[in-house]
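J.: Residues per chain are reported as follows:
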Amino acid sequence: MNRILDHPILGKITDRKTIPFQYDGTTYEAYKHETIAAALLANGVRKLRVHEESGTPRGIYCNIGHCMECRVTVNGQANVRACLTVVENDMVVESGKQLPNIVKRMVEQG
Amino acid sequence: MSDVIVIGAGPAGLAGAIASASNGLSVTVLDEFIKPGGRLLGQLHQEPSGEWWNGMKESERLFLEANNLSVDIRCGVSVYNLEKDENLWNVHTNIGTLTARYVLVATGAAEYPVPVPGWTLPGVMSIGAAQVMTNVHRVQVGKKGIIIGANILSFAILNELQLAGINVDRIILPEKNSISGKAGEPEEVLKTLLHAAHLAPSPLMRFGSHFMKNNWLRKMAIHFYPKSGMKVNGTPLQLRIAAVEIVGKEQVEGVKVANTDAAGQVIPGTEVLYEADFVCIAGGLYPLAELAAVAGCPFEYIPELGGHVPCHSETMETPLGGLFVAGNITGIESGKISMAQGTIAGIAIANHAGKVSSTIDQQLQQAVQQVRSVREQATIQFNPEIDKGRSKMKEIWETKFAPLDKEYSHKKIV
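Residue numbers (my numbering), protein chains in the order written: chain A, 154 to 263; chain B, -6 to 407.
Please keep in mind that the hints were generated in silico from the structure rather than gathered at the bench.
Note that CB positions come from ideal geometry on N, CA and C, so glycine has one too.
Mixed in with the good hints there might be a few duds.
What the hints assert, rightly or not - Simulated coverage check for chain A against chain B, where a stretch passes if three residues somewhere in it have a Cβ under 8 Å from a Cβ of chain B:
{"no.": "1", "segment": "171 to 182"}
{"no.": "2", "segment": "216 to 222"}
{"no.": "3", "segment": "227 to 233"}
{"no.": "4", "segment": "246 to 255"}
Stated by the list, open to error - Computed list of chain A residues with no C-beta within reach of chain B, every gap over 10 Å:
{"no.": "5", "residue": "Asp168"}
{"no.": "6", "residue": "Ala191"}
{"no.": "7", "residue": "Leu237"}
{"no.": "8", "residue": "Asp243"}
{"no.": "9", "residue": "Gln262"}
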């Protein structure tokens, strides 16, 4: 685990309850009341989606809702910001996927 | 329906809510984040007095005070539009449209992005993202990191990462180009760091900071600046090394860097790779003001305040009736200034709403004075010319907007 459980000024984290959630079919544990982005990073997961067209990987950038880079699918709802969304018990989270660029294909086909 | 809707539960918004509610108004506070406090939440540093400034505790204190005054604080609510309909403001959010006579926009700041090739790789984040992950979520951002960008914000957060036991391998500059601008020029960076003398990278430079304001000496200093850098709290600050590209396949594996000359030009053939599993980009802050813009508020570009800011008076009113601003949306300063500005706005709103107690003028005068004294006592400034920026806005207000103010007889604060 990649958590900062003991901090010289902020103190120790002791009594946090954990809950299970799924990310791309794998079950992970989150602390209650933490964001999807924090829970995934605590589990060593940085990649949250791929660019819709190029397929290149993306993760958090700003972590406070400004940049929209961390959008994932939550319980079927697409484009949810992982950095602002609190994990709930048995939440099903899926990474953002590559999508067909229909317009581009039409242009290519002439 | 509340009398006041505050957008942003940071230091400015909460202080504003507290001041309005103490003067008898009903207040709703909206914020996108999972808990109140805004960017105050992650702040952690030692004051010159030796005391710790713990943003988490400050946030809790503000939250409790607001709560005791029955302020309705709603987190996880995103505001996407703001428009006036007759005498009421419509605040459009993801939970529907809320209305109020008065709106305080206290949306704070955002970070200037500095695009570096490869910056979209997972593991690259803004320096503020690392702060929140570390101090708010208490999750390690990585095992070995590189900070790109040397400024007051990156130094403050470097310190916070080190406190939490996170290894920051070095601080380097972005490659000089039209976007990175002065942030990619070693001499300019040194100049801004010297303004915050106690943050200068070595005791020698701290000692010399007074003399280094001299151009020639500064040029010499950057010319002879060691390639290996000078240490800031144990982490090398390499002003003559630029990030050329962030590399990795599925996530960050390292940063390709090159030596630069004193002006920041890359010296060909000097490229090497530094390994890292996370990279923080520190481009500085700008006022997050879109909501004031969509509301139709006039703006001015004032570089000393961090960029484009909504026009406002010293009592935090905008030219739009019922719309107030406070905190970093008005210019980049510390959280303490934001709180003091929020207090002004909250009292000013109560005054406009006709909640006239015998002490309200006095309260307002005191609140304005409080901002000035907090500014005078500040140990560091994001922009050393902040006073100049504030004066510019004051003058713009007094010449352009104050004479138009009919709704409320504007009492000059002396």
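J.: If a hint holds in the structure, say so; if it doesn't, say that too.
T.: Hint by hint, here is what the structure shows:
Counting residues of the segment 171 to 182 of chain A whose beta carbon lies closer than 8 Å to any beta carbon of chain B gives 0, which falls short of the minimum of three for the stated coverage. Three residues within the 8 Å Cβ limit are the bar, and the segment 216 to 222 of chain A against chain B gives 6, so the coverage statement holds. Only residues whose C-beta sits within less than 8 Å of a C-beta in chain B count toward coverage, and the segment 227 to 233 of chain A has 0 of them, not enough to reach three; the restraint is violated. Proximity of the segment 246 to 255 of chain A to chain B, defined as three or more residues with a beta carbon under 8 Å from a beta carbon of that chain, is not established by the 0 residues found.
For Asp168 (chain A), the requirement that its beta carbon stay farther than 10 Å from each beta carbon of chain B is met, with the minimum near 13 Å. Listed as outside the interface, Ala191 (chain A) is inconsistent with that label: its C-beta sits roughly 4 Å from the nearest C-beta of chain B, within the 10 Å cut-off. The claim that Leu237 (chain A) lies off the interface is violated: its Cβ sits roughly 6 Å from the closest Cβ of chain B, which falls inside the 10 Å cut-off. Look at Asp243 (chain A): its CB is around 19 Å from the nearest CB on chain B, clear of 10 Å, so calling it non-interface holds up.
Every Cβ of chain B is farther than 10 Å from the Cβ of Gln262 (chain A); the closest lies at roughly 29 Å, confirming the non-interface assignment.
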